[in-house]
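Fit chain B to the supplied structure of chain A, relying on the hints for placement.
Heads up: the protein sequence lines correspond to chains A and B, in order.
Just so you know, we're using the numbering used here here: the first sequence kicks off at 1 and counts up by one.
Just so you know, we're using the numbering used here here: the second sequence kicks off at 1 and counts up by one.
Hints in this document: simulated from the structure, not taken from any laboratory.
Glycine included, each C-beta is placed from N, C-alpha and C at the ideal position.
Honestly, I wouldn't trust all of these hints.
Said to hold, decoys possible - Short, incomplete list of chain A residues facing chain B, as computed with Cβ under 10 Å:
1. 7
2. 8
3. 10
Said to hold, decoys possible - Simulated crosslink set (PhoX-like; lysine-lysine; CA at most 25 Å straight-line):
4. A:263 with B:106
5. B:92 with A:2
6. B:18 with A:263
7. B:92 with A:8
8. B:287 with A:254
9. B:287 with B:255
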Amino acid sequence: MKALQKYKRTYILALQNAMEYRTDFLMGIISGGFIILVQCFLWTAVFRSSPQEIINGYTYSQIIIYSVLSGVVSKLVSAGFEGEIANDIKTGGLSKFIAQPIHYFSYRICSFFGEKTVQTGVVLVLFVVLMTVFIQIWGFPLRVGQIVMFLVSILFGMLINFLLFYSISALAFIITEVWGVYIAFNQGVYLLSGAIFPLNIFGDTFATISSYLPFQYVVFFPVKIILGSLAVHEIVSGLLLQAVWVTVLLVISKLAWDSGMKKYVAVGG
Amino acid sequence: MSIIQMEGLSKSFKYYEKELGLKKSLKNLVRRKSLIKDAVSEISLVIEQGEMVGFLGPNGSGKTTTLKMLSGILYPTSGQATVLGYVPWERKKEFKMQFSIVMGQKSQLWWDLPANESLYLNKCIYEVEDKPYNLVLDELTEMLDVKDLLNIQVRRLSLGERMKMELIASLIHRPKVIFLDEPTIGLDLISQKRIREFLKYYNEQTKATVILTSHYMADIEDLCKRAIIINQGKIVYDGDLRRVNELLHAKKIIKLQFTDEVPRQALSEYGTITQHDGMNAVIEIDKHDLQRLSKMILDRFPILDFTVEDIPVERGIESLYQKDGVRHESLAEV
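Bound-form chain A, shown alone (with noise of 0.2 Å):
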């Protein structure tokens, strides 16, 4: 019991140093909110220049719909971590963390969710005046199993993306200079996750391809439950493989962390 006290402090002060940066966070959104409206404008001048009224199974609106949705969620999700532990890992602020009785790991998971209950916050009211927006204009179905689904999805996808970012981050041990990577894997998993565009605008094969991976589990899968897209049984199932890949990812980021952790130089002095 006591032990936990010290996590949920570490939430609470992650929390505390979100609202700080309450003006960034907003930021953030406005910033994403024009990519949204670029992806809107494109959509629209697509669905209006071809005779069909479905494209690679989208209708116009649910296509409109995926775009501001996957905005919105791959900004929740994100993780913005890995400069700060390559950062502690590069300068030597580690060690403090190696000479103290708290865990690494626990420690950046509760400061990741204390800085994402903030941002999860605005998103939700977000969320809400957008979908009242959607079924205003297109009269768009919307259960309450959906959306409880899509917000269990959300957190899974949340824990996804984390240990991924934190398992990449275990490679600052061996590379000093890890930007170059952390902006490579940033666009991929932007890519591969759906972010941009649903995965199937880009063929059966790549569809494939990413069913194996665990990217699509971060936006395109939570996305696709709202857009009530899936039958239930899909739902449940794919619950279930996020469930595995978050259990497949802590292994892997303890194998980097730890093989990371022997090769750790505590700089300085």
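Chain B alone, transformed into the frame defined by chain A:
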């Protein structure tokens, strides 16, 4: 009871060398020459409970590396050590709960939040109960005079104030062993003094064992009965700092002031001249010859003032810093 024991503790680092120039850079892409540096070699020490020991040494001498091994942050290349009966690099929780390391150049406080938030986090990390926490906090903030600063964002504090907070943060759980790496670095003289007084008092009150490293002689001279001078990863001196010179040479300094100008050559037969400008001179002589030589000097030259002094501790340490303790007089002559 000895709290800290080290036996042949060594640490070497691998590093890469690159010579100047683009051509060499290209060569380095293919093959890098790797070199080994012995940061700490064969250090053996025993430190008793309640001792306050100072590690003194130039940059890169291995002070911090030693502290990092003792706190379990680094694995040694060879050798053994125990702190409080634990092997530090096994990183046991019971061990971590009983010691503390403060690195002057690295902050453990949350930058954007008030210090008391970070202090409270440490309370939770070290699983301290509310009551003892409040007691310790009251006592420490009182002693360091930072009670009013607890609610201010850490980034708005001055360097000295922040250092005080760092110290408080590391003492919340009443550690039995405290490692302080450059606790006074970058501070002004008054802040340095405040922190020194605090450390002294704390050590006396709690009987905690303290090891501190510093560049500042005054830190060690003031606080530690026992100083350990490290150079190039080896212990070159272990004992009372004020007695460093006894180990070196039995020398004295004579400071002279003349009424008339005295040429340099006339003085050179008495000893080593370390300063000379015609009207004043400083000469270093052997202790045994003191009586004989000073009589001769007094008789021969137009003396206005004459003083005999010990060689300053800094000089003694300086010569210990030289490789293999080789004496180093040319510097003083410049």
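Do the hints match the structure? See the list:
no.	hint	in the structure
1	7	holds, 8 Å
2	8	holds, 8 Å
3	10	holds, 7 Å
4	A:263 with B:106	holds, 21 Å
5	B:92 with A:2	holds, 17 Å
6	B:18 with A:263	holds, 22 Å
7	B:92 with A:8	holds, 22 Å
8	B:287 with A:254	violated, 65 Å
9	B:287 with B:255	holds, 14 Å
Checked against the numbered hints above, the structure breaks only hint 8 and satisfies the rest.
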